[in-house]
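For the record, the sequence lines run as chains A and B.
When the letters of the first sequence are read in order and numbered with the working numbering, they come out as residues 330 to 700.
When the letters of the second sequence are read in order and numbered with the working numbering, they come out as residues 105 to 727.
Mixed in with the good hints there might be a few duds.
To give a feel for the contact side, a few chain B residues facing chain A, derived at Cβ under 10 Å [said to hold, decoys possible]:
hint : residue
1    : Y136
2    : L154
3    : Q168
4    : H722
Within a straight-line C-alpha distance of at most 27 Å, the following computed DSS-like cross-link-like pairs (lysine-lysine) qualify [to be verified]:
hint : chain 1 : residue 1 : chain 2 : residue 2
5    : B       : K318      : B       : K525
6    : B       : K306      : B       : K525
7    : B       : K300      : B       : K327
8    : B       : K133      : A       : K470
9    : B       : K627      : B       : K544
10   : B       : K627      : A       : K470
No lab work stands behind these hints: they were computed from the structure.
Ideal placement from N, C-alpha and C gives every residue a C-beta, glycine not left out.
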Amino acid sequence: MMDRRLIENFDWSVIWTMMAILCIGLLSIYSAVYPQIQARPTNNLFVKQIIWLVVGFAVMCGSLFINYQRLRALSPWLYGIIVFLLAAVLLVGKEVNGSKRWLEIAGFQFQPSEFVKVIIIIWLSGYFSSQEVSNFPNFRKLILPVGMVILPVLLVLAEPDLGSAIALAATAGSMILFVGVRWRYLAILILTIIPLLLPVWQRVLKPYQKQRVLILLSPDRDPLGAGYHIRQSKIAIGSGMLWGKGFLNGTQNKLRFLPEKQTDFIFSVWAEEWGFVGCAALILLFGLLIFLILRIAARSRDRFGSLIVVGVGGLIMWQALINIGMVLGLLPVVGITLPFVSYGGSSIIALCLAVGLAENVSMRRYVFQTH
Amino acid sequence: MFQEMKTKGRKLDGPKLINLESAESLSFKKQYIVFFAIMLLMMMVYLARLWYLQAICGQYYRYQSENNRIRVEDIEAPRGIIFDRNGVPIVENRPAYDLMLVREDVGDLDGTIKELARLCECDPADLFSIVEANKGSPRFIPIKLLSDMDRDCLARVEADLIRLPGVEIVIAPKREYNWDGTAAHLIGYLSQITEKEIKSGKYSGYYPGEDIGKIGVECAFEKYLHGVRGHRQVEVDAVGRRVRLLQEQPPVAGHDLWLTIDMDVQRTAESALAGKAGAIVAVDPDDGEVLAFASSPTFNQEKFIKGLSESDWTEMAKDPGHPLLNRVSGAAYPPGSTYKPLVALGALQCGAITPTTTFQCPGYLSFAGRQYHCWRKGGHGTISVERALMQSCDVFFYHTGLKMGVDRLAQYVKMFGLGAKTGIGLPGENPGLIPTSGWKKRATGVPWQMGETISISIGQGYDLVTPLQMAVAYGAIANGGKLWTPYVVNRVEGMAPGEVAGAGPRLKREIPIERSWFELVQKGLTEVVGEPGGTAHSLYDAAYPIAGKTGTAQVVGLGRGGHKAGENDKDDAWFVGYAPASDPKICVAAIVEHGGHGGSAAGPLVKQVIMAYLKGKHQSAKR
Numbered sequence: 330m331m332d333r334r335l336i337e338n339f340d341w342s343v344i345w346t347m348m349a350i351l352c353i354g355l356l357s358i359y360s361a362v363y364p365q366i367q368a369r370p371t372n373n374l375f376v377k378q379i380i381w382l383v384v385g386f387a388v389m390c391g392s393l394f395i396n397y398q399r400l401r402a403l404s405p406w407l408y409g410i411i412v413f414l415l416a417a418v419l420l421v422g423k424e425v426n427g428s429k430r431w432l433e434i435a436g437f438q439f440q441p442s443e444f445v446k447v448i449i450i451i452w453l454s455g456y457f458s459s460q461e462v463s464n465f466p467n468f469r470k471l472i473l474p475v476g477m478v479i480l481p482v483l484l485v486l487a488e489p490d491l492g493s494a495i496a497l498a499a500t501a502g503s504m505i506l507f508v509g510v511r512w513r514y515l516a517i518l519i520l521t522i523i524p525l526l527l528p529v530w531q532r533v534l535k536p537y538q539k540q541r542v543l544i545l546l547s548p549d550r551d552p553l554g555a556g557y558h559i560r561q562s563k564i565a566i567g568s569g570m571l572w573g574k575g576f577l578n579g580t581q582n583k584l585r586f587l588p589e590k591q592t593d594f595i596f597s598v599w600a601e602e603w604g605f606v607g608c609a610a611l612i613l614l615f616g617l618l619i620f621l622i623l624r625i626a627a628r629s630r631d632r633f634g635s636l637i638v639v640g641v642g643g644l645i646m647w648q649a650l651i652n653i654g655m656v657l658g659l660l661p662v663v664g665i666t667l668p669f670v671s672y673g674g675s676s677i678i679a680l681c682l683a684v685g686l687a688e689n690v691s692m693r694r695y696v697f698q699t700h
Numbered sequence: 105m106f107q108e109m110k111t112k113g114r115k116l117d118g119p120k121l122i123n124l125e126s127a128e129s130l131s132f133k134k135q136y137i138v139f140f141a142i143m144l145l146m147m148m149v150y151l152a153r154l155w156y157l158q159a160i161c162g163q164y165y166r167y168q169s170e171n172n173r174i175r176v177e178d179i180e181a182p183r184g185i186i187f188d189r190n191g192v193p194i195v196e197n198r199p200a201y202d203l204m205l206v207r208e209d210v211g212d213l214d215g216t217i218k219e220l221a222r223l224c225e226c227d228p229a230d231l232f233s234i235v236e237a238n239k240g241s242p243r244f245i246p247i248k249l250l251s252d253m254d255r256d257c258l259a260r261v262e263a264d265l266i267r268l269p270g271v272e273i274v275i276a277p278k279r280e281y282n283w284d285g286t287a288a289h290l291i292g293y294l295s296q297i298t299e300k301e302i303k304s305g306k307y308s309g310y311y312p313g314e315d316i317g318k319i320g321v322e323c324a325f326e327k328y329l330h331g332v333r334g335h336r337q338v339e340v341d342a343v344g345r346r347v348r349l350l351q352e353q354p355p356v357a358g359h360d361l362w363l364t365i366d367m368d369v370q371r372t373a374e375s376a377l378a379g380k381a382g383a384i385v386a387v388d389p390d391d392g393e394v395l396a397f398a399s400s401p402t403f404n405q406e407k408f409i410k411g412l413s414e415s416d417w418t419e420m421a422k423d424p425g426h427p428l429l430n431r432v433s434g435a436a437y438p439p440g441s442t443y444k445p446l447v448a449l450g451a452l453q454c455g456a457i458t459p460t461t462t463f464q465c466p467g468y469l470s471f472a473g474r475q476y477h478c479w480r481k482g483g484h485g486t487i488s489v490e491r492a493l494m495q496s497c498d499v500f501f502y503h504t505g506l507k508m509g510v511d512r513l514a515q516y517v518k519m520f521g522l523g524a525k526t527g528i529g530l531p532g533e534n535p536g537l538i539p540t541s542g543w544k545k546r547a548t549g550v551p552w553q554m555g556e557t558i559s560i561s562i563g564q565g566y567d568l569v570t571p572l573q574m575a576v577a578y579g580a581i582a583n584g585g586k587l588w589t590p591y592v593v594n595r596v597e598g599m600a601p602g603e604v605a606g607a608g609p610r611l612k613r614e615i616p617i618e619r620s621w622f623e624l625v626q627k628g629l630t631e632v633v634g635e636p637g638g639t640a641h642s643l644y645d646a647a648y649p650i651a652g653k654t655g656t657a658q659v660v661g662l663g664r665g666g667h668k669a670g671e672n673d674k675d676d677a678w679f680v681g682y683a684p685a686s687d688p689k690i691c692v693a694a695i696v697e698h699g700g701h702g703g704s705a706a707g708p709l710v711k712q713v714i715m716a717y718l719k720g721k722h723q724s725a726k727r
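Sequences and hints are given; from them, build the entire structure.
Here it is, written out as structure tokens:
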């Protein structure tokens, strides 16, 4: 199974780029939880993140042994399992800060909403690469994939986890657009969604989520209340100036002004201590990573594999764009992690799996199988 | 864009292509370009935004980050409310406004303080001295300049707050006395904790500037009343204004206290004492519950809230009436003739006298070449113990005392709790003094003189007792020999009975004196009021049968300074009694300093208190 060609076609550049971003993430987490590290050198979020990374790499390496082509047949089952888990979160999930996002199984907590993104990518790739679905599919052929995406999006939204729901919808949406959507359908979609926005705004969004959108539209609305996160994040980033304050010298970070600093606002921690230079490097690394992933997709001769890799690239890109846009004060504050940088076990493992999928496709780009 | 792709896509769908998969994959080429172009565009936007924040506005944000601060503010917990036995609130809490200054945020300290002094119409020197006194504390810690500002001052400062960086007004709960000065010695007052008290370790977790109870139950039950302070984490801006509440841990209010005193009885006792120096204390003889605790003159607890000024303090300290002195349990007086029933009980028990023993009273007793007078110049003739109590014959008790001897006398009298703290649990209790020959030798180096035994047998000489001790001792006479520890707190809200030390009834001892001797003495005490020849017959009222004993104690040579000339030589007037005589429900001790004769100066006060209590009891029973 593991023949020489598989190893030859392994794309090391993706792994190196990812490792570079992971190092930035570790440095940032180290700084963000520094007081905790001093208090408990062996049991802190930094150490935990390293453990998650080890687990993530192990899972990634393990996944490489399974030919991705098999996932086509497995994807409906995976989809069923993850929808079941998402429903279970709503029923028996662990509530933290007013939202239920975690499932506890055998002492381990994990967020199904991180894994559903990968599974949706696989399922959509399988669907759009099947014999009967071509590029620019007709309306009937779009009903099933859209419905299959909307169900988990609604389940994630109900947790509520607006950030994950948006990332999921954006990834799936870009995959559908990638396959091609006729202009007519897009026009109809926009015309039907706009009247739907009002009830969503009134019923579905929580007051704090509405507040965040409103504050984005006019930041002066409440600079002291809900605009606080954006303001503090901007102060942290801006105060980094060109060269940053230096590792472990971030005052915003130290004084605990930054909320959720080791997860959603990790970019601010990095920006404060490493300045514009560090931020530009991080953004360029993300650009490089996505470019390299798209290169894998383009090189693949298999429509299913290409679409999977495009989905993986889209997932990483959207999460990074939304997260950085949020901490830069360009987008509303929604809870979403910065891929490979933020702290979080489920997020890291899901992303390792996603990169593993891309490598899987890269390794097997010359291995043709009939299905 | 999509239109183009569409046409191309359709072309590719054509059947001409052999390797369908490969061709379709190639067909994504345009999509890759669009995907990558979108990403590059977003990267540009983000880099531009970063450049704007970090390069263009960097200086501004750097400044902001250096002036960002989190402060932790305390939220004072409201103290427990103090109720009387019937649930009447005696001491409650009200919001008060304190003027605080955070020096770190003040631009011009001098100007700010002068402006505050002008707005509050106070002396800038006072404010400066407060700032000076806090020189050692960190500059970001607020200093309290004024506590409990009045409304005019508050309004003026509030209006100008925007111009006064570093000045803030905080709301803190303050004590509100529904009857200012009532039961002040029992309840106590609040005052700022001193450095010594903080260092003593008794008040762990207290901060400088915090109020603590200084005397009375406010002090004794401090740990229950105090509550647990809360905290508030706030973000402040560069001038110290609160920007955002980050976290709040609300305070926990102190436990409420239910006292044993009856507000009606208490107020009756206080009005009876009005204008006099003295004390009235009433206890329930059945369990030691304190029903009234009045010490006169009293003081205004309200005064302590704003912080006592220097002049207020000296005035209070120099007041010849010593308003802060707790005359109920903190001051000891010679008991005078109120001592006699205790002597009689001891003498009967030890066999020095019998109910039929008589002595001859010619108006004096000659002993060792000296004449010891009876209060009645003509004498009482041949007299037994029962009538000696009724008429308060001194000579009878001179003989009795001499027969017992000082040490045996002390032994019995101490059984009634005299000469030792009662254990009421209030700070500053005076144990009084019951002399023994050994004590005198130790204290003065001079052996006991027989003549001194004569003085102490009628409650003079070295004998010193507190009114509270007398009330408790007479309670034991009234109930036939049970000595209770007096207590002032019925219960502490939220605590199980028995969990709180010093609350609830506790029997101290069963006095080992025969029941029949108690009955005999009770008879004598009943006759004091009930029989026409009794020393307090003027108190007789068939509806309120009182049993008791008058006392008129000489105070010459006691050195109690500060009295007006001419009043100095007037005797202290005592009356201790209980009622109803046959079924005692209340036992009252009263002393009026320099009041003169006990039967006329102290007796009527006791009667008023007894009437107030029994009337109230009667009414509540009817209800």
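Hints and how they fare:
no.: 1; hint: Y136; result: 5 Å, holds
no.: 2; hint: L154; result: 5 Å, holds
no.: 3; hint: Q168; result: 5 Å, holds
no.: 4; hint: H722; result: 60 Å, violated
no.: 5; hint: K318/B / K525/B; result: 19 Å, holds
no.: 6; hint: K306/B / K525/B; result: 22 Å, holds
no.: 7; hint: K300/B / K327/B; result: 18 Å, holds
no.: 8; hint: K133/B / K470/A; result: 23 Å, holds
no.: 9; hint: K627/B / K544/B; result: 35 Å, violated
no.: 10; hint: K627/B / K470/A; result: 113 Å, violated
Comparing the model with each numbered hint stated earlier shows that hints 4, 9 and 10 do not hold.
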